[in-house]
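So the sequences go chain by chain: A and B. Counting in the numbering used here, the first sequence runs from 3 upward without gaps. Counting in the numbering used here, the second sequence runs from 11 upward without gaps.
Where hints are given, some of them may not hold.
Claimed, not checked - Looking from chain A toward chain B, a few residues come up when the C-beta cut is under 8 Å (computed):
hint	residue
1	Ser59
2	Ile358
3	Cys499
4	Ser501
5	Ala507
6	Ile538
These are calculated hints, taken from the structure and not from any lab test. Here a beta-carbon is modelled for each residue, glycine too, at the ideal position from N, C-alpha and C.
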Amino acid sequence: MNTDLNQILDKYKGDATRLMDILTDIQTEEGCIPSDAVAQLSERLGISRVEVEQTISFYHFFSQKPVGKYAVYLNDSAVAEMKGRTAVAAAFEQEAGCTFGSVTEDGVIGLHNTACIGMNDQEPAAIVNGVVFTNLTADKAKELVAGMRAGKAVQEMVTELGDGVNSSDLVQSMVKNNIQKKGDVIFSTFESGSAIKKCIEMAPEAVIDEVKSSNLRGRGGAGFPTGLKWEFCSKAAEKERYLICNADEGEPGTFKDRVILTETPQLVVEGMIVGGYALGAQQGIIYLRAEYTYLKKYLESVLDDYRQKNLLGNNIAGKEGFNFDLRIQFGAGAYVCGEESALIESAEGKRGEPRIRPPFPVEKGYLDKPTSVNNVESFAAVSQILVKGAAWFKGIGNDKSAGTKVLSISGDCEKPGVYEVAWGLSVQEMLDMVGASNTKAVLVGGPSGTFVGAKDFSRKICFGDLATGGSVIVFDQSRDILETVSNFVDFFCDESCGSCVPCRAGNGIIRSTLDKVINGKGTKADLEKLTELGTIMKAANRCGLGQTSFNPVVTTIKNLPEEYESRLQEESPYVPTFDLAASVADSCEYVGREPNL
Amino acid sequence: MSEQITFTIDGKQCTAEKGDTIVAAAKKNGVYIPTLCDFEGLKPAATCRVCTVKVNGAPTTACSATVSQGVEIESNTEEITNIRKAVVEMMFVEGNHFCPACEKSGSCDLQALCYKYQMMVPRYDFTFPRKELDATSPKLLIEKNRCILCKRCVRSSITTNGKSLFAVAKRGNKTVIQMDKTLAADLSEEQAKEAMELCPVGAILKKETGFVTPIGQRKYDAAPIGSDIESNA
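Pulled out of the complex, with its shape left as it was, chain A reads as follows (with noise of 0.2 Å):
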């Protein structure tokens, strides 16, 4: 290893907890984690190898073996192969001289398949060693690999900018905001330093009231009241509190998170300050997923500024005892550690595995300490809400829910990107917003909410009927719908953090049962055993993510049953669920017989 690891150890003090920091600089420096590391690291921090390595193996981003000078990582979910993947790929690996999974032989340059990267309104899109590539074809590959070949710097070839602070000079990247609607809070106008200004006129204990008086949920997904998450967490014993940003958006289908930290960090930020200032917590962290890496240098700049003017750091805005700063951690490629206790683990430098509830964060959290995990888009409300008053903020949205919802819509329409809108929408207004016609289905919230057919578009996207953590995507009449199930399967199959045995195992029988289905050996009977399944997997796993998995196969089943029924064989007593003469053909063939079946 040419990377002088007490260096990297010094930066983060020897500090084992500070182990997802450790393994990037060290995946950044040496394109993998190599077993001199490993070794040295077992040794320093005081841990077994295996231990070191039960962290590695857990991340997507990290590998024991290298990925290639040029690491490409190929987003493969849904909407990228919606939007002509294979032939990008194909292109990628003709060029390269390799498939998918596996680096040329020189080393140069490897290809790897990923989650979706936040980038659905500009698929196929892929990141090469921390830059993103959009709206790729078979052409932009070719050309893509002939600079490698070329040993061009990465950044080189990015030939165009993206809108906005995107094309800034500390961000410089061709990513696209695609904000096509601003609301009245998110995308709307702030003063930068209001928010706080406001809430040191305030008792702690005030600004809570605020929060809770406005009815904002969580924005993430699960919708659980903010303000109430922040009473908990001011109530608990320990003085020592955290308070987290959960940027970790990998419901696939989802990038306003994205949007809101491209073009309005301060409202993020300030609304941590505020929330540091209510629980009385002295550190926030910021949990940023790996995808987002681009995006570094300008997250830090907007903390700098923000620590220039005193409102980040000791006495804030000349406040006595009011100390909070922020730094931001990386995530390296892991779905479930959008799980706020998953979260937290990961934090700590551990595998992001779920923890045990209770007790619950706002008790026991980071480092055991009393911690509030609030989403991007929450934390940017709550700083609209302190400036212009939980009342306006009530006023708008529906009964259950208030304020607006930034929706990340992708897929089949004319307009994708993100569209800042009043809670209650019906999902035919959103079609019709954006541009979709000859729609099939369109699943609200990502693979873990609900496929929703033609019969149900006059429901409202909203907390009671289909909640969301942002993600829309438009399904129109010319797609399978099961071909897109499948890559879901597949996600969560890979995604699993591998606790819970309904999970673990769960996930693979819907794989199995639905490739059943698919070749056309299923039954009706598989439809009731998956949707039993389901029911046993939400009442038996730990995390959201064990309890909602089985949903794009049981949500399809219910919602959209002509998408299977034509698969399905007649009842029989007994349906094989593979092709038995295919199966014994080779067998046959060496013996010298006719399969006899």
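With chain A's structure known, arrange chain B on it following the hints.
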């Protein structure tokens, strides 16, 4: 004396100490709740999920959740029994369990639960995955075909210089238990024995001795799993 609380399990009036886990509280009242990953003295992991119960209607794991005053617990209902049986079946199909050839047969908790729930053929298709057999340690054999990833070994105090011998690797359906090869070389006889005894199935086996306990004298040969607890009812 700690605070006594009352609650019900399937309608039966029960008494326990505040802070008891539901599994422990049930045991005191002669009610058996099946467990696999749970092991006395180890922090609950709640990974196997066979102890799933409903507390006031909400599902939770009885090995990790504690009882509270007045709660109504559902355990041996048709719904919960079906869930437990399904979970046992899932463990069976996600691994390669061939009881007749296994040294732990008769002393295996998973096998005992299969009998308890009268599993004939699992409702799910077998997956016959390819799994590794790790025989690198001079003292232990790790038979991953049988491992149910309960993490008892990972949570145990089997360490050398404070470093854990076992850890989990990978994720999803590729998750496996790994034994640290450098540490395994220095394992003591007692540690090897402890590791084997911790394992609820036949995944961790001590080398050099085998099939010591004859059929007829194994853990569940005389009476089914949980019957010792139920006989105290």
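For each hint, the structure was consulted:
no., hint, in the structure
1, Ser59, "holds (5 Å)"
2, Ile358, "holds (5 Å)"
3, Cys499, "holds (6 Å)"
4, Ser501, "holds (5 Å)"
5, Ala507, "holds (4 Å)"
6, Ile538, "holds (5 Å)"
Violated hints: none; the structure is consistent with every hint.
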